[in-house]
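What follows is each chain in one-letter form.
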Amino acid sequence: MTEKKFMAGNEAIAEAAVQAGCRCYFGYPITPQNEIGEYMSWRLPQVGGCYLQAESEVASIYMVFGAAGAGTRVMTSSSSPGISLMQEGISYIAAAELPCVIVNMMRAGPGLGGIQPSQSDYFQATKGGGHGDYHMLVLAPHTAQEAVNLTMLAFDLADKYRNPVMILGDGNIGQMMEPVEFKSPEKPFVARKEWIVTGAKNRPRNIIKTLFLDPVILEKRNLAMGAKLREAVKNEVRFEPYMIEDADIVIAAYGTVARIAKTAIKILREKGLKVGLLRPISLYPFPYQAFAQTAERVKSILVVEMSLGQMVEDVKLAVCGKSRVHFYCRVGGMVPSYDEIVAEVEKIAKEVK
Amino acid sequence: MTEKKFMAGNEAIAEAAVQAGCRCYFGYPITPQNEIGEYMSWRLPQVGGCYLQAESEVASIYMVFGAAGAGTRVMTSSSSPGISLMQEGISYIAAAELPCVIVNMMRAGPGLGGIQPSQSDYFQATKGGGHGDYHMLVLAPHTAQEAVNLTMLAFDLADKYRNPVMILGDGNIGQMMEPVEFKSPEKPFVARKEWIVTGAKNRPRNIIKTLFLDPVILEKRNLAMGAKLREAVKNEVRFEPYMIEDADIVIAAYGTVARIAKTAIKILREKGLKVGLLRPISLYPFPYQAFAQTAERVKSILVVEMSLGQMVEDVKLAVCGKSRVHFYCRVGGMVPSYDEIVAEVEKIAKEVK
Amino acid sequence: MGKTSRKAFYEDVVMAGFGGQGLMFIGKLLAYSAMKEGRAVTWIPSYGPEMRGGTANCTVVVSDDEIGSPVTPHPRALIIMNNPSLEAFEPKLQSNGLLLSNSSFVTRPIARKDIKAIPIPANEIATEMGNEKAANMVMLGAYIACTNVVSKESIVEGLKELFGKKIDLLDTNIRALEEGMKSVRQKACT
Amino acid sequence: MGKTSRKAFYEDVVMAGFGGQGLMFIGKLLAYSAMKEGRAVTWIPSYGPEMRGGTANCTVVVSDDEIGSPVTPHPRALIIMNNPSLEAFEPKLQSNGLLLSNSSFVTRPIARKDIKAIPIPANEIATEMGNEKAANMVMLGAYIACTNVVSKESIVEGLKELFGKKIDLLDTNIRALEEGMKSVRQKACT
Amino acid sequence: MEMEMVSGRPKTLLPVPTHYCPGCGHGVIHRLVAEVIDGLGIREKTVVVAPVGCAVLLYNYFDVDAYEAAHGRAPAIATGCKRVNPELVVFTYQGDGDFAAIGTAEAVHVAARGEKITTIFVNNAVYGMTGGQMAPTTLLGQKTTTTTSGRASETAGFPIRMSEMIATLPGAAYVARVSVSSPKNVAQAKMAVRKAFETQIKGLGYSLVEFLSQCPTNWHMTPVESVRWVEEQMVPYYPLGELKVPKEEY
Amino acid sequence: MEMEMVSGRPKTLLPVPTHYCPGCGHGVIHRLVAEVIDGLGIREKTVVVAPVGCAVLLYNYFDVDAYEAAHGRAPAIATGCKRVNPELVVFTYQGDGDFAAIGTAEAVHVAARGEKITTIFVNNAVYGMTGGQMAPTTLLGQKTTTTTSGRASETAGFPIRMSEMIATLPGAAYVARVSVSSPKNVAQAKMAVRKAFETQIKGLGYSLVEFLSQCPTNWHMTPVESVRWVEEQMVPYYPLGELKVPKEEY
Amino acid sequence: MGKVVIDEEFCKGCTLCINACPQHLLRTAKRVSKTSYHPAELVDPEGKCTGCGLCALVCPDAAIQVYREKKAGVKEK
Amino acid sequence: MGKVVIDEEFCKGCTLCINACPQHLLRTAKRVSKTSYHPAELVDPEGKCTGCGLCALVCPDAAIQVYREKKAGVKEK
Ligand SMILES: Cc1ncc(C[n+]2csc(CCOP(=O)(O)OP(=O)(O)O)c2C)c(N)n1
Ligand SMILES: Cc1ncc(C[n+]2csc(CCOP(=O)(O)OP(=O)(O)O)c2C)c(N)n1
Ligand code: SF4
Ligand code: SF4
Ligand code: SF4
Ligand code: SF4
Ligand code: SF4
Ligand code: SF4
Ligand SMILES: [Mg+2]
Ligand SMILES: [Mg+2]
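Chains as they are written, first to last, in my numbering: chain A, 28 to 380; chain B, 28 to 380; chain C, 25 to 214; chain D, 25 to 214; chain E, 34 to 283; chain F, 34 to 283; chain G, 671 to 747; chain H, 671 to 747.
Bear in mind the hints are in silico, worked out from the structure with no lab data behind them. Remember, predicted model here, so these are calculated numbers, not experimental data. Glycine included, C-beta positions come from ideal geometry on N, C-alpha and C. Be a bit skeptical, because a hint or two may be false.
[Unchecked claim] So, partial list: chain B residues that the calculated Cβ filter (under 10 angstroms) puts toward chain E:
#1 Pro72
#2 Val101
#3 Gly116
#4 Tyr119
#5 Asn229
#6 Thr237
[Said to hold, decoys possible] Computed, partial: chain B to chain F, Cβ under 7 angstroms:
#7 Pro56
#8 Thr58
#9 Asn61
#10 Ser68
#11 Gln73
#12 Gln80
#13 Glu82
#14 Glu208
#15 Phe209
[Unchecked claim] Cβ pair distances, simulated, as ranges:
#16 A:Lys214 / G:Ser706: 23 to 31 angstroms
#17 E:Val49 / F:Ala185: 57 to 65 angstroms
#18 A:Gly299 / C:Lys176: 36 to 44 angstroms
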């Protein structure tokens, strides 16, 4: 199947999940990602899978817990308020080391907020909105095709690290239609799951649990989980450098904003300014090193986000004072235009001179 | 009432809340903070207040929403998993700009984890575990007396900024008994609350809401909330410098760990090492400047946490490469002893030489 | 007002009107057809803050390059189906841009002088032709006639895939498309 | 094993045994009495990982200075009420530290030679005295007799506030305290 | 011939057009509630808690103090409010997703506590606001965007009769199911709303009025077809009537 | 005289002492469930979902595959598991805090869906694990650490009869309330557990067995006093018996 | 006997009132209102409207005012 | 006729079996078990135990094994 299909990001993610072997979906409707559940509701039965509309996001995430523990590839999706309701469950899933994929199509918050695109759940996604030491792996697509590829990757990473993986998008990513191709992976990743709950037949019983009353044991587990995540940090950093080789100013942006920045960069280069983009694809693990190296060379980094300033903290951590970090944002569902980014970069270029 | 009482931190917090005018408590039991609810269940009726055991933490936080919107001083308390369940609600409360106090007596996570002390909800508390751009103000006491003082302060700050305020402790802070005094504030802070919901009598109706479908309006609100928080950042940074004037090495720690560090420092000073402590009292706003200034002078900062590394990110952000940042942790409910801290500092001292 | 010029083939168009006028559909159809011609395309919708009814618009970008922003503050072309949309988008059109307005609904005068404005009585044309609902196709016909972003054949192919069996629907829509193309040819566009 | 010496008055003690042996109570009482004498005090409990029953211990620190750590890896004194607790805490006692063990339960031999170990048949003493439940007070009596951390009078004051009306309970407890004090005086402590 | 106005807009209903689709049941229900508030003369001490659902903006229409709740949490917010000011008349207005799905626990416990508040529960057998997904009250066989070949109990479970369930709780003092599908039903519905508010005002406990309501848009019907569908399809599964009345006489 | 063993430890119950307090009802209930599993010969295809509550460690006692749920979420986890492997026999074991408070929504909806799982619901009228706070099932007048002068309905609401409530749902096929307060009741309880599992195995829908269970520790009673309290105080409010049996004959 | 006034600012042309009128006196107007709907309108040349109020009872947009001849002695309900 | 064996590893001395035995054959032992409880013990010098199993039925710790004289023809239930 390498024919191009014209699909919205939400549907593309759903189809990619099915093609990656996802056989269970549990979710609760919320704009702007209802198309994922709606797609799954007719598509999963076709492949013998299970779609179930849960009574809430809280129930959804624990159904995911149950299905993941039973050994299947499973997904849920929601948008900001619904994801907040899942925080306890995500912490439990991470603690039980269960693989699953969670999609957050961010909308403007806090509270009920609005239904327009936003990137203000970055902290929640990358630092852990739930309690305890854990991290999801977080992938942020900026095109429908990338949404497909990252969704497929997400299932593999989830199995590989026995860890929840989040696809972090927004309403624009979910509703924009683009051509996509579904390429079956060259060598499909098959995880051996000896720990799953399937009935204790011809083997000692399996127990999926997160309570360890003895702190000596829990500390060991936590440290092991930390080590596992460091492994992921070593292997799974993904980013796209875009015209940065000769750049004087580098924009840092992900998802929707990154593609707008690409247009801005074309315009700026036509105007003679050497501007590039460093686009984190994995938000956790964050490409600290790539930013650190970039900071060695460039005078200024402009972080553009649809939040009051979240990823910018990670950029600053990476840059560690080596170059100036500027920040530009639109919030509340407003999307920055390339004009605004162009203007912002020009301002910085002037200051630098 | 300046007689000294011998009280556990949990009870001290509850009594302090009552004396600060808190008249509603909604909560759901969870170890290690059950004493707060139990205390409130008999104490609040004495002062004409309302104690209600909710059906869940989700319900608790929305009862808090309702009571805060009705104009009263209100509190809830829980521990890590329960706080995770409140994340949506906290985001709503912040969005609706309602004042309230939330106590999190952290236990080891993730998942059900254990019931021993921990500091692994730092990110959740300070960066925002819920969706959208908001921050709680976060205060971290390290003694029972400080728990009293900060609880009283918390109610004032909540009213002043119309923002949720979190008291962040752990089982040790909650269960350790110490002498405490309750001093009535010299000039009690009285907030004028014209926005509350009390029946639209002789005035236009009041509406407490968080939905703003028009992104232009929501952006304005978000920016205003950002400005409000910057105001808090300006006014409400609190920290304790402890023997840092002449220190070569500074320990960064809060809460339980900070007091253990104090003992370690005494021992280290007896051994001739100039060591101090910079103890954040407000975790949000974080004392970035105090750390930045300290970093100008000292070679090494040792962050000690009961987490795999959370506050250390804020310290690094503050220090910005100006001094070396070391990290030591115990997790899973293990509490570092002063011996371990002493050893860690001695190691650093040797390296530095 | 900035102006974006690019070397590779690049076109964008904003289509705006009431919900229910079929704009989303022709936007998708345009993008789909361009994709079939081998181009990079994006289609992105945008709804007003009203919850039901109200205005809606979509943006289609067609390019030979990777498409960055799927929305543009300065579209090269507009398909405008009602007065509020004219008000909202007219100022944003690039100079020398193309403004196709459905004069059956758009009654406000067009203010800009630096653009090419073509009013098309799409609903009348469609009604005459037997199906008022196909006014959107009239507008699309006019747009492709003016811009040559895609060929008529590609659109027809796209329609076929979408309507398949429903021959009458297909026929009406193709005829509306052709009428739309004619309507601007008469005005010597292209 | 490190050793902490401080200038100001400073004492700490770990009390460990089964849940239900009244250790938490005497710990609080000690701390409360010391507070009444104007000192800084902390009392902190610690429960084993078992959910019900099992071992429990608490640490009391009394000082003239601000108290940093409320727990200590090297206590200056131990009140030990059962074998598992002896096993757990004996190695941690500072050298020259004081180990008071309730020999009614603690049957394991004490290994350390660099400490002052005093076995006290607290349950027997308490039973003789008429109330086995007051064994904890016997141990507390022994502890204050050995260390003078607080005066007997302060403890009695504390007991009065706690028991108030329940005179017989108060009486038994005071007598047990006194017996405990006697028991170590006989062993020439202090 | 002197004429007097016998029906008109109630005062508590602000003179602004609503955002509801033509024929939507929410409009009638709003009007009835406003009429009862007017009738009881309690506008100045009434507080409404809006749901998340099509009625999320109801505070634009009711001239009373209001909260906008999170999805499903209106009863908790109402509880917080009422506990602070017991003299207020507090009601929640909730859809079937809000009350019977995500908010089930809050719905059950507000009734179990006998909280002195009233719930107007609008059962339109679908998630209106999010575009027509299955609701817990969707009928078997009913098509929605997530049950495109009709709800099947084997995979999607059975529709919940909330009123019957809540009526089992001692704290629930008044429980009734009504519809707005005909003039007669509308008139009866208003009586029920009135009784529900009176139950609250008399301090007798929790009161619940379940409305069977039409959603022409997501049912893909005309308004007239949709009220017929209520009567022919919904009423047989969700029988109308009073399920529970307070001991005290009316 | 040849002797045969007529009662003993069921195979599925691992030979380890439990952490429960002396006389705690959880122990008897564990044994009964293990006996039924043995009796039906389903150990190797049974999955238990443990609650958060005193029974959180039950996987240390049952020799079957197990999940440990978050507080209240066992039914959701069981659903996820069962949907993946419908041939398994899946049961949740939940306390009254777990099932009737924080997990109310999951409890109602697993039944509404007619999910083919079984719930063993242990109603001991108190939060055991956290030290004796009020539960939703605490009786009026009962003293707990958060109702120190006895539960009053005015402030703390009324105790919930979960079985009656769940029995209103069409998806609930078998619902019974039993106790372990006397040998006779224990024997009847075992029958109920067996029927509940059979209901699941036959695919008839959701099954629920509510146990009235003693918590001597938090009731501050001896075990013998506590079983008497069950019979004298709890049973009058929570009547024993089968509330619902599947249409299909047994 | 009766009369109804339909407020076009509110009417969305849902036809529920038309469906409810026992006298069949209401119909959908051809014209489009300012709010872009075809509003309901009363056609009662013979004065058959009883002022029964059923139309107003079912109107989701509270768009209908019903007037009735004043009778002495009948109290408003 | 019957006999019971109490496994002291499990017995927590709750006395529920003692309370349940219709023959009053069980009592709390003076001695403390390895697990620190006073276990239940059978005192049946006259062989009055019927093997009825009621004690085992109520035991929360599955600590009781009940043995009964084997009768031919009676199938195990
Ligand atoms: C936590 C959360 N989950 C989901 C949503 C999305 N959402 C908004 S309204 C709604 C359901 C609306 O259905 P209903 O309650 O039946 O009201 P109706 O629109 O039918 O009147 C949902 C799922 C949300 N806003 N918040
Ligand atoms: C989210 C969350 N809230 C609260 C708790 C604390 N907690 C543990 S068990 C429990 C209640 C136990 O009561 P019940 O379910 O009746 O079981 P029992 O112990 O009585 O058998 C609570 C509130 C928790 N672990 N997680
Ligand atoms: S979608 Fe349905 S419920 Fe919502 S306003 Fe329209 S008709 Fe009413
Ligand atoms: S606390 Fe109660 S429920 Fe828990 S083990 Fe003890 S007796 Fe059983
Ligand atoms: S019922 Fe009301 S809104 Fe509907 S057509 Fe009649 S007047 Fe208009
Ligand atoms: S008042 Fe009665 S008769 Fe008159 S138009 Fe309305 S429904 Fe018809
Ligand atoms: S019932 Fe069981 S645990 Fe209790 S005393 Fe008897 S044998 Fe021991
Ligand atoms: S088997 Fe029956 S008679 Fe024998 S000890 Fe047990 S209860 Fe008593
Ligand atoms: Mg609905
Ligand atoms: Mg319980």
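Outcome of the hint check:
Hint status for B:Pro72 relative to chain E: violated, with the closest Cβ pair at about 12 angstroms, above 10 angstroms. At its closest, the beta carbon of B:Val101 sits 7 angstroms from a beta carbon of chain E; the interface hint therefore holds under the 10 angstroms criterion. Restraint check, B:Gly116 versus chain E: the minimum CB separation of about 7 angstroms is within 10 angstroms; hint holds. A cut of 10 angstroms between beta carbons decides the hint on B:Tyr119: the least distance to chain E is about 5 angstroms, and the hint holds.
This hint holds: B:Asn229 has a C-beta 8 angstroms from the nearest C-beta of chain E, less than the 10 angstroms allowed. Using the Cβ-Cβ criterion of 10 angstroms, the hint placing B:Thr237 at the interface with chain E is satisfied: the shortest such distance is roughly 6 angstroms. Evaluation of the B:Pro56 hint against chain F yields a held restraint, the C-beta minimum of about 4 angstroms falling below 7 angstroms. At its closest, the beta carbon of B:Thr58 sits 6 angstroms from a beta carbon of chain F; the interface hint therefore holds under the 7 angstroms criterion.
Interface hint at B:Asn61: satisfied, since its Cβ lies 6 angstroms from the closest Cβ of chain F, which is below the 7 angstroms cut-off. About 4 angstroms separates the beta-carbon of B:Ser68 from the nearest beta-carbon of chain F, less than 7 angstroms, and the hint is met. Contact between B:Gln73 and chain F, as hinted, is not supported at the beta carbon level, the nearest pair being about 12 angstroms apart and thus beyond 7 angstroms. Contact between B:Gln80 and chain F, as hinted, is supported at the beta carbon level, the nearest pair being about 5 angstroms apart and thus within 7 angstroms.
For the restraint placing B:Glu82 at the interface with chain F, the shortest Cβ-Cβ distance is roughly 5 angstroms, inside the 7 angstroms limit, so the hint holds. The closest approach between the C-beta of B:Glu208 and any C-beta of chain F is roughly 26 angstroms, which is over the 7 angstroms cut-off, so the hint fails. Evaluation of the B:Phe209 hint against chain F yields a violated restraint, the C-beta minimum of about 22 angstroms exceeding 7 angstroms. Taking 23 to 31 angstroms as the suggested C-beta distance range, the pair A:Lys214 and G:Ser706 does not conform, at roughly 58 angstroms.
Our hint of 57 to 65 angstroms for E:Val49 and F:Ala185 is violated, since their Cβ atoms are close to 44 angstroms apart. The hinted range of 36 to 44 angstroms is satisfied by A:Gly299 and C:Lys176, whose Cβ atoms lie roughly 41 angstroms apart.
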